[in-house]
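**Q** The chain contents come next:
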Amino acid sequence: MNAFHYLYKKWFGGKRSQIANEFSLGGRPSASTDLPVAKQDQTAPFPSQLEQIRKKLEQTFGIPQSKDLHIREFITPDKKQYLLVYIEGMMDADVVNRAVLDPLYHGAKLEIPLLTREETEDYGASISSILQGSVVIFCEGSSKAIILHVETPPTRSVESPKTENVVRGPQEGFVENVVVNKNLIRMNFPSPNLMVEELYIGLEAPAKCYFLYLRGVANPKLVDEVRTRLRSIQVDGAIDAGEIEQFIEDRPRSLVPTVLATERPDRATAFLREGHVVALVNRSPNALILPCTFWSLFHVSEDNYERAFYGSFIRMVRLISILITLFTPAFYVAATNYHPEMVPTDLLLAIAGSRERLPFPSVFEVLLMEFAFELIREAGIRIPSALGSTISIVGALILGQAAVQANVISPVIVIVVALTGLASFAIPNPSLGYMIRIARFGMILLAALLGLIGITVGFCTILAYLVSVKSVGVPFLSPYVPHREHNGDLLIRSLVFQNRFRPGTVRPLKKFRTWWSRAWDEESAGKGGKPGENSGSGRSS
Amino acid sequence: MKTQVPAGHLDYRGFTALIVFLIGMKIFDGGMSFLVRQSGHGAPIVLTLGALFVGAAVWMGVKMMLLCPGMNWLEALSAVIPRGFVHFFGLFLFAASLLDTGVNLRLQMDSIAVLFLRNTPTVFLFALFCLGILFVAFQGLETISRVCSIMLPYLVGGILLGIALLYPYMHTSFIYPLPGIPVGEILRNTMPDTSIFAEILMIVMLAPYARKPKDLTKGIIRGMLLSYFMLILILLLIIFIFDADGAALVPWPFQQALQTIYINRYIQHLDAFFAFIWVAAEFLRFIITFYVSCLILAIVLKLSDHRPVIPLNIAMVFVIGTWGSSIYQVTEFRTNFMFPFIGFPSCAALLVLSIYGNWRLKKKQKRGAKNEAA
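Taken in sequence, the protein lines are chains A and B.
If you read the first sequence in the numbering used here, its first letter stands for residue 1, the second for the next number, and so on.
If you read the second sequence in the numbering used here, its first letter stands for residue 1001, the second for the next number, and so on.
Rather than coming from a laboratory, the hints here were simulated on the basis of the structure.
Every residue, glycine too, gets a C-beta built ideally from N, C-alpha and C.
Where hints are given, some of them may not hold.
[Stated by the list, open to error] Restraint ranges, calculated between C-beta atoms of paired labels, are given here: (1) A:G442 to B:L1178: 29 to 37 Å; (2) A:P192 to B:L1301: 55 to 63 Å; (3) B:K1212 to A:S254: 29 to 37 Å.
[Stated by the list, open to error] Calculated lysine-lysine pairs in the BS3-like style (CA-CA distance at most 27 Å, straight line): (4) B:K1302 to B:K1212; (5) B:K1212 to A:K511; (6) B:K1212 to A:K221; (7) A:K510 to B:K1212; (8) A:K511 to B:K1214; (9) A:K221 to A:K67; (10) B:K1218 to B:K1370; (11) A:K162 to A:K511; (12) B:K1212 to A:K470.
Generate the whole structure from the sequences, applying the supplied hints.
**A** Structure representation (structure tokens):
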């Protein structure tokens, strides 16, 4: 009986209820904090003697073993003793020389601009500031330290996004500096209702994070849920948003991404406007967006910048590319092994002719070539850019032409794999791309086992799995299934001025986002909501 | 009886889809052939009478459940008839749904093996389907109904496309002579043929999962109507193509009709495309019947969670499905035992017990109102 109970708890006990209300998933953490633990642990006034402060700093930073903390002691002409503490290379030395050292050495008054100056009596706060690149000045006999915010952390300038390129639309992407990233969003949406909460993630080396949402639009339950998840992270330090993502997502072992990562500020802003929540992590050029549905992975920001027909067309191309990636190799295996009758006779004869002298079964060929293609793709990413062209030549020559000539694979396989590979590049989101590429291997194996029957069962199972996935309580395929209010902007792009509603999936506080924008147009007049109106007929259940 | 942990809330779309997959998608199984074999040209009339009979039974069942909100049909019954009988009937329903899953799954595997995978052992096919069913069943009722509502428009669209493509092969004169058999025989045949709608009993067991009572009634009406139209359309189609005498000899008339579609030299043998529709529809249907059997067992055993019985049930389905030595033996079992002794009694019980339950519950309510007034 005990064994039964153990197995029952193990299999079912840990799972969340399938009717968990939206935004109410997940256990509540026992403790949460906004401050780094380093600050909390060491919150204490510092000694008044500089020698004691120096000893304490040396102890904290492990000096002399650790070399990058600099403690400069100097005495001004009026015999006042100071300690200047900073980490080498993380601050603007020029500003320190000009605004601090020069005046002190020449007996002048300190003229540090107020904006960059802060005073603290807290030892922990001064340590955190030093670690973030500030200069801290301790003065003999004073119970306060002066923090000079002259940080110049190594960062790159704002450039085009690396993975989310668009032809039309803003060409700026997030960088590794969280403040810059936050300001990029702020510039896109300069509204006082854009709330920016600050929190630190990491017990040993806290990373600054911002947590953004639109007040009055984002559902408070959603905001609370994401905030709670972020605060519950107990880790020594965080390097990238990708790590944070795994801490807060609903199903971390799942193949399906439930947090959207984007490196486009305009995209993050668009989601904020709809009522989503955005998290920014220092040193990461990606924003995390919650909740995430299939449609948010499927759409790209350019869809809305182009005319509706162009956007719809490109969405169709994208959908077809997903289907090609998932099914083409599997269909090839199924058709050649189990259903030759479904291939037109001429094509069947051509395929049979090309396979006549081949030693391997078609499934082996497909798996071999798909693996080779993944190899080329991975090598292409890792290899130095100067050798990138070599990889493509070697890949094309050895794996394509040579393999065909050596009768290892059939020429049709090359076409199938190339088409699949090309289609996989058209999938807009890398996480979605990984998901489909991995699922494709499962489909190939099912096709090898049972042909089209296996593909059908696999497809239904995948669909059931996708339907069951939720992101912060929001079903992955909503608002399509389950039906929620939406503008119909899913596969077909609707007209911008007819996008009246914010998607019902995130249960926004304000339903309308577009009002009578074309009142001058008799045809479309009245198709938008009136300001202040909070009801209307969307595609709702 | 203890109410189960709800596996989600279903809207009317979910109920409609579940009913269409349970009943309407029987166009792909041997039931169509059985109807024509038994009633010949009178099969559409028999089907219509059966639909009317089951429609009345469901209507009474729903009315009874509306008097006991939040309860399934068995729970509502237990308020007015002896609990021992309700338990017995619950066990009967469990056995019926399990047999329905196992036997029909086996027949479908056999038909797939015959039509497409001649060299593949049926047991292997059966095992794969069981694994898929097991996986999806663990995702819960909400997931199942949502998958059904996603797939429904595409599958119905595909079926309509198939009907349109078969138009050149149809001979409408094959419907005559109508009704083809005496009225007495029509009425007699209606009894076993109502079993084609017997799965509706599974839907009344899912009543507590409706988001609102209106979702249940709306879903049942839409689902029943759509299922009936699909069944009658395909029944007429196979009579128009094969004639009643010919259709009685064809084991899977709709699939075999689809195999004949020829558009031109490049587009032929569309049966593989239609096989996708057929297999997807049947796969989802078996998931529903299997899941409901698990729910019923959990209700009968008074378990608070039905998930532990899922692995046990799938093992039983596997045993039932692989029991028969040949397709003929299993078909005989279904025709001679399941249709007359399980299908029809279930529908009749739904009608009779619901009428009785309604009467007793209303009486109880009236008495309660009188007492309150006093």
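**Q** Against each hint, give a clear statement of whether it holds in the structure.
**A** Comparing the hints with the structure gives:
1. A hinted range of 29 to 37 Å for the beta carbons of G442 (chain A) and L1178 (chain B) is inconsistent with their spacing of about 51 Å.
2. Between P192 (chain A) and L1301 (chain B) the beta carbons are some 59 Å apart, a value that agrees with the proposed interval 55 to 63 Å.
3. Against the hinted window of 29 to 37 Å, the Cβ-Cβ separation of K1212 (chain B) and S254 (chain A) comes to about 32 Å, which satisfies the hint.
4. Only pairs whose Cα atoms come within 27 Å are accepted, and K1302 (chain B) paired with K1212 (chain B) is accepted, the gap being roughly 25 Å.
5. Restraint check for K1212 (chain B) and K511 (chain A): satisfied, since their Cα atoms lie roughly 24 Å apart, inside the 27 Å limit.
6. Taken as a hint, the K1212 (chain B) and K221 (chain A) pair is honoured in the structure, with Cα atoms around 24 Å apart against an allowance of 27 Å.
7. For a cut-off of 27 Å, the pair hint linking K510 (chain A) to K1212 (chain B) stands: about 26 Å separates their Cα positions.
8. Between the alpha carbons of K511 (chain A) and K1214 (chain B) the distance comes to roughly 26 Å, so the proposed pair stays at or under 27 Å and holds.
9. The suggested pairing of K221 (chain A) with K67 (chain A) is violated, with an alpha-carbon distance near 47 Å, which exceeds 27 Å.
10. In summary, the hint linking K1218 (chain B) to K1370 (chain B) is not supported, as the alpha carbons are separated by about 33 Å, beyond the 27 Å threshold.
11. With a CA separation close to 34 Å, the supplied pair K162 (chain A) and K511 (chain A) exceeds the 27 Å bound.
12. Proposed proximity of K1212 (chain B) and K470 (chain A) is supported: the alpha carbons are some 23 Å apart, at most 27 Å.
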